[in-house]
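Peer 1: So the chains spell out like this:
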Amino acid sequence: MRTMSEVLPRSWKEGRGKEAWIQRLSLLLLIVALFIAILAPLLTLFSKAFVNAKGQYIGLANFTTYFETGAFVQSLQNTSFVSFTTACISVLLALVFAFALTRTGIRGKRIFKSIAMLPLFAPTMMHGIGLTYLFGHQGLITTGFFGHLPFSWNVELYGPFGIIVSEVIYTFPQAYLILLVSLAFADQQLYEAAEMLGASRIKSFLTVTIPNIKYGLISSFFVCFTLSFTDFGAPKVVGGQYNVLATDIYKQVIGQQNMSMGAAVGIILTIPAILAFIVDRIVERKQKSTMNAKSMPYRIRPHKMRDALLFIFCCLVSAAITLLILTVFAAAFIKTWPYQMSFTWAHFNFSQTAGEGLQPFWTSIQVAAWTACVGTVATFIGAYLLEKINGYKLLRQIGYFLSILPLALPGLALGLAYIFFFNQPSNPLHGLYGTIWILVLVNLAHFYSVAFITATSALKKLDAEIEMASLSLGVPFYKTFYRITVPICLPAILEMGMYYFINSMVTVSAVMFLYAADLKLAPISIVNMEDAGDIAPAAAMSLLIVLTNMAVRMIYELATRQIRKKSSAWQNR
Amino acid sequence: MNVKKWMGLLVTVVMMVSFLAACGDSKDSKSAAASTDTGSKASASKEITVYTALEDDIIAKYLESYKSANPDVKVNIVRDSTGVITAKLLAEKDNPVADVVWGTAATSLLVLDQNGMLEPYSPKGVEKVLPEFKDNQSPTHWVGIDAWETAFAVNTVELKKKNLPIPRSYQDLLNPIYKGLIVMPNPASSGTGFLTVNGLQQLMGDDAAWKYMDKLNENMAMYVHSGSKPAKLAGTGEYPIGLSFGYRAIEEKKKGAPIEVVFPKEGSGWDVEANALVKKATIKPEAKAFLDWAISEEPMKQYNENYAIISIKNDSKTLPEGYTKDPMSQLIKVDLNKAAKNREATLAEWTKRYDAKSEPKS
Chain F
176 MRTMSEVLPR SWKEGRGKEA WIQRLSLLLL IVALFIAILA PLLTLFSKAF
226 VNAKGQYIGL ANFTTYFETG AFVQSLQNTS FVSFTTACIS VLLALVFAFA
276 LTRTGIRGKR IFKSIAMLPL FAPTMMHGIG LTYLFGHQGL ITTGFFGHLP
326 FSWNVELYGP FGIIVSEVIY TFPQAYLILL VSLAFADQQL YEAAEMLGAS
376 RIKSFLTVTI PNIKYGLISS FFVCFTLSFT DFGAPKVVGG QYNVLATDIY
426 KQVIGQQNMS MGAAVGIILT IPAILAFIVD RIVERKQKST MNAKSMPYRI
476 RPHKMRDALL FIFCCLVSAA ITLLILTVFA AAFIKTWPYQ MSFTWAHFNF
526 SQTAGEGLQP FWTSIQVAAW TACVGTVATF IGAYLLEKIN GYKLLRQIGY
576 FLSILPLALP GLALGLAYIF FFNQPSNPLH GLYGTIWILV LVNLAHFYSV
626 AFITATSALK KLDAEIEMAS LSLGVPFYKT FYRITVPICL PAILEMGMYY
676 FINSMVTVSA VMFLYAADLK LAPISIVNME DAGDIAPAAA MSLLIVLTNM
726 AVRMIYELAT RQIRKKSSAW QNR
Chain R
119 MNVKKWMGLL VTVVMMVSFL AACGDSKDSK SAAASTDTGS KASASKEITV
169 YTALEDDIIA KYLESYKSAN PDVKVNIVRD STGVITAKLL AEKDNPVADV
219 VWGTAATSLL VLDQNGMLEP YSPKGVEKVL PEFKDNQSPT HWVGIDAWET
269 AFAVNTVELK KKNLPIPRSY QDLLNPIYKG LIVMPNPASS GTGFLTVNGL
319 QQLMGDDAAW KYMDKLNENM AMYVHSGSKP AKLAGTGEYP IGLSFGYRAI
369 EEKKKGAPIE VVFPKEGSGW DVEANALVKK ATIKPEAKAF LDWAISEEPM
419 KQYNENYAII SIKNDSKTLP EGYTKDPMSQ LIKVDLNKAA KNREATLAEW
469 TKRYDAKSEP KS
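Line by line, the protein sequences are chains F and R.
Using my numbering, read the first sequence as starting at 176 and increasing by one per residue.
Using my numbering, read the second sequence as starting at 119 and increasing by one per residue.
If we strip away everything but chain R, and leave its shape as in the complex, we get (with noise of 0.2 Å):
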């Protein structure tokens, strides 16, 4: 009897408290929320919004240097795949939230850039960048660190189960025997399948375009939300034929997926990762300094070491790991402009097309 009391008691004392607690908790939480609101136009520093679509495993080893030259400055990065970014950026017109866009792709940062969103600036060394991996304009709306393409990535292990030979080309992808083994991502969402569609587009023009897809859709699994997954799908052998990018299909393989890294015949689609300053009322010395440092020496060490193509001259004579030719030879003709321009419709198009698709392909 005498336990029951106490329990009851003490049950109750540390409900009320924590309910106090809770109270007292969201109160302090508001008030900091509304003073770090004042405060930020005081000493507006010391902290930046950064959205990014760059891959999450590689984010935190690019942010070291920064971090370690400007420890005063929070950086708060919104990570997600190019179609969700973008997207975001669209929907807050109006009243931006980021500060920089960091590494997203060029055909977005232009649609962001016809909409008037885009603070022109030129970071320093924007010289160094090569023209077709920069705006032509100067100051410069957006600048780009690095270049990334079409790739297949092919298990080798469960073509050779079924004896199909490995695509080396587009073309290739149509053959009636890859049907139901290829999957590619859906390029509303993703920028990697956004630059293969567009890739399409201008290797083959619009019309002849429209109808490979048409075709490749009869083959095709299905479509996923990233750039990323149809290399690992492809990895596990769960889907043996993934429409990657180069960095992702050369990575699953390093990491000893039993998949062959293949550069369609016709060329690669490619976008550029591009920076870019958020126009917006109060623009933060930060921001431009964080541009500055986004195309400094040391990222663009990093970035390299990921992906074969940076938006500076590479002096290196060596092929990078997992090509076996020059990666720039690899890239398609692409008007990034005229891809921006079409986005809208192009996948308008596609969604009509494709996305509506209900059954699952056996």
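Next up, chain F with everything else stripped away, as it sits in the complex (with noise of 0.2 Å):
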């Protein structure tokens, strides 16, 4: 493909040199910040690994102390036990109910697609709450409803079982959207031949369906192994004596200040996130091919038993994430569990526990708005430099790489890395740390990544011939952008908004390090809540998150349907 240097005649390319300058210059710009945002504070952190508390080079000891205590090692054994069991689980069921959703005549689906993204909306510290009700020795199912009920199951939910069950249902969410993608698109020509070659359904499922969705499945496999293995919050709660590399963290850097000793457990934390990420990458890259122009959309054929067994399984999933916030939201009204089960608001005066009243929640809307909105801004400016720019491949490039970058590292290392690179008073942004913006700043680190390509890819349907058109026609670039390629990208655009809102609203593991005293957000005080045994006001807090998060996701659903109608219909024939 030629690129439109090469098209425009040499007199064109020099009348634009005012325009060329603004987009070199803001190129850099993009760079720049990336490289302040995500590329300095990873270095720095890789760097403490290897000094002492003092500051001293050591070599690679803090790594060899690591390996050489039997409790680590045992950490690291039973983070990976874990996170392959979780994702083994994970996959599987998203498999099953994904497969439900897109090649089945079942009916609901539009409740079961709600229902399956709600854990989205919670911090992991709420699923394990919901877990100690539950599965607690005073849980709902181990009393069998206090015994009302003829049965009872007693579990040991403390260990390895509660982390696998919190991080199942925090990962199924995501493993089910990647698989989404996969099986939406699948050549109906396939399975013609395959059933005029007498394949029997479940063959042409086994050598059809699984192939085609072979690079969904592995990437939504190391998804959710990198998310359990860098989640802090489940394992703080359920996790009992079992301990995991987060909470090994957590425990060197909040409880015994070893920053050094931390920053060697962040990088080790960062390693199996960034092979998901070279396999992610790769993946990218074959998954391209699959579909041509000759392909014909996948028809759904009715089939009343696999309808019928498909359409229990997606109710008993979607009950199970139902039972567990509805078992939240009931714990967060009532007076003491389980010796007086009358209502309370009581729960939600916060001043009596270690939530320090409500302001957590407020400082945790702020961070949140902000994030989306800068985040969002950002973001978009960013990814349509890198798209829509011709020229300066090898910046672009670069750009690129630090973009997707995020991606890679844990939220418990991105935090650690701010600590050490802001916290310098020798950085000239050292009066970020401490504010609100050093809050904001980490969050968009941490998210940007996934929003860059969402904005990456609704850029690349946008053919580069709208901006050589408005070249020739002399409109400035800018011009274009807010005129065309705004208005076609705002589902993306708004989309991109609430994710970076939602994900601040919930997350934990990045900011934990870095808030100050006075701006504390609302999951760290679950966690402080937790930590201390006031158990009922974290579940009202975790309530007060859900709910914000549903309201805000509402509101984008309706104010942006009509938007969404006008803004793509072009795209209908």
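Keep in mind the hints are simulated off the structure, nothing from the lab.
Where a beta carbon is used, it is the ideal one built from N, C-alpha and C, also for glycine.
Careful, some of the hints might be misleading.
[As the list claims (entries may be wrong)] Here are the simulated distance ranges between beta carbons: (1) F:Ala691 x R:Pro238: 29 to 39 Å; (2) F:Thr239 x R:Ile401: 20 to 30 Å; (3) F:Leu533 x R:Glu210: 21 to 31 Å; (4) F:Ser327 x R:Glu250: 47 to 57 Å.
[Said to hold, decoys possible] Covered stretches of chain F (in silico footprint by chain R; criterion: 3 or more residues with CB under 8 Å from a CB of chain R, positions within the stretch not fixed): (5) 309-318; (6) 509-520.
Take the two lone chains and join them into the complex the hints point to.
Peer 2: As structure tokens, then:
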């Protein structure tokens, strides 16, 4: 494909000198910003892992201490075991669920779709809290609804069981979303061919469907593995004495203020994420070739038995998710579970707990709103510059790499990196430390990649000829940007904003090390309350977060329905 | 078509404005931060940073009388559990952030003192404080406000269901019938955990204490982050026996949890919640004034509402709520200096023995 500069006559290019200058400058600015927000902190983190508490270089000593301590090796094994199991279960459930929603004629698809997304609205601590009210020693299921049911089921919640169940709930929507996309497109001709060759339905599932989505499966497996490998919230609540890496970092950094050891564990934590990142890149490249112009869309064929079974399956999964969330809702309003099951608002008065009032909730909303606004603008402009500007190939490649790098960074590692980088008095940006802006910035960096990919794929759908046409009409690129690019990409832009908001509301890993005493966030107050044993108020705070996120999602859905219709009308033929 | 264009323009404008506003704001806040930095040297006053391990639910109440007397001083409270606050102070040794440490374990303040991090200062009214609750040097390096002690919070309903007697002593806890029912705080993070472990050491002697804790570990369901959590877990019946401290156990009972507060027969380990001045280049007069206030009459009265044992002579003849005998007589003999000296070694040994336990006990 020829680039614009090759197509255009020389005189045109010269006439656009000013514009080219603006483009080059913004591209440079973008790279500098990405460097400050992502790469520089990361490099500082790596350098800190090789020094001791006094700042002297000690080589690999932190790592050798780590591997010589039996407890740490045990944590590593525990974490790997939990993450592997989680990924297997989660991908399997998500596969069946997504299959039911894309390839069968079951009823209630919309409801199932909405319920499957619910866990994304809550901090992972909430899944743990919900489980303690279900499977804990006084839990609904353990006691058989306090003896009202003829059966009860007693499992040892605190430990691997609790962590795995929480992580499955946490990672299920992520795996489901990936597989939904993989399953959405399939070539009907392949199935027809299989049928003509006499393959049974099961055989055609195994030989056509599965191979077709293998990259989606691999990618979702790695995503689930990484997410549970680096998650802190669930093991904190239901881990008991079962140590994992994320809680180790917490103990090292918060409990013992041993920053360099924390940095070492942080780097170990990053390894699977980097692996997942590499695999994901490879998969991404290969996946593109599966569909071609001659493919025919998949047609769902009726099959009663299959639909009935899968409908039951979807009901069970949805019921499990709903039950967990409803239990947390109930716990937030019950006076003293299980002795005084009367209604109370008292748990919402956070001033009597380790939560320090409602202030953390408001601070969280503020941070989330700022992250959504600033993040969406910055990310969209960033993606635009990298996608739509011609030339400066090297700069753009660096920019692209930096933009997707955060995918490989666990929040805990990013948070630590930010302390090391921004807390140096010599850093000119030191003033950000201890303000709300460092929280916004770290969230932006943490969630940048996914929003960036959303923006990039929206921009990719736009033909480069739009730019060329406006160029030949003498319209400056920024005018084309806000007159055409932004309106067409509006659905994607709003989605990015919502993604930033919801994730900033629930995240705890990156901000945990960075918040100032007067800027506590809601998920952090949940951790603190849980530490102090204030479980019911912690449930109440979780409830507030979930309701806020649901409200934001609803506003987004309602407000964008019209825009979505209008702005994508040109796509419908 | 028009609507689309209009919306596009609107969104672009909103995005631009918010972006610029954010840039502007971050610059403002930076310059604001910078100006408070320089400003703090000129009018050093008006702002102090207080590190404390006092219970979250009582700090605001305590501070009321300070705030009404000093409305112009901004107090930044940094609250965390004893182990975390201690680690934070030690980590910031070369560049201390805190001006004052308030209501934090004396054994922790002694560790700081042994590291030369405390500025000797005798607050006004220090003579009223009983000698066992303050530093014996003059001027004092630390001054206590109250003491807190090991107590078991025992859920009577759950034990009755299981047909088990209420444990009355440390020795009782070793009974295998309580296996998996007991929770205690991790001494590395919790002050209550440390005073309990230290109490056992000073009561039994080192070797016997470790042997005892090895056996106790067999019965332990889990170790938790804070000293409050075991009482609260006992209150909800999640784990019916919690090794906690007097105030929290009594408080849970007052709130209606079906628990009995048991002070172990052998006596309770204890520690003093104490205050100290942090040694740093500029010591603010407000920091000293805060320490004066912290042992004055009004806050002392407040401390006493929550804690049975305060550091000044208590003339009241009536037993405090929740106690069946004079709380002072419940305390075992503890050498706080020795506890502080051994703190690091004790915690390292404890972590090696019990924190490494990876499999949850059933």
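Peer 1: Hint by hint, note whether the structure agrees.
Peer 2: Structure-based check of each hint:
The given range of 29 to 39 Å is respected by F:Ala691 and R:Pro238, whose C-beta atoms sit roughly 30 Å from each other. Checked against the hint of 20 to 30 Å, the C-beta distance between F:Thr239 and R:Ile401 comes to roughly 42 Å, which is inconsistent with it. Between F:Leu533 and R:Glu210 the beta carbons are some 30 Å apart, a value that agrees with the proposed interval 21 to 31 Å. Hint check: F:Ser327 to R:Glu250, Cβ distance near 52 Å, so the stated range 47 to 57 Å holds.
Counting residues of the segment 309-318 of chain F whose C-beta lies closer than 8 Å to any C-beta of chain R gives 3; at least three are required, and the coverage claim holds. A stretch counts as covered by a chain when three or more of its residues have a beta carbon under 8 Å from one of that chain; for the segment 509-520 of chain F and chain R the count is 6, and the coverage holds.
The structure is inconsistent with hint 2 alone, although it conforms to all the rest.
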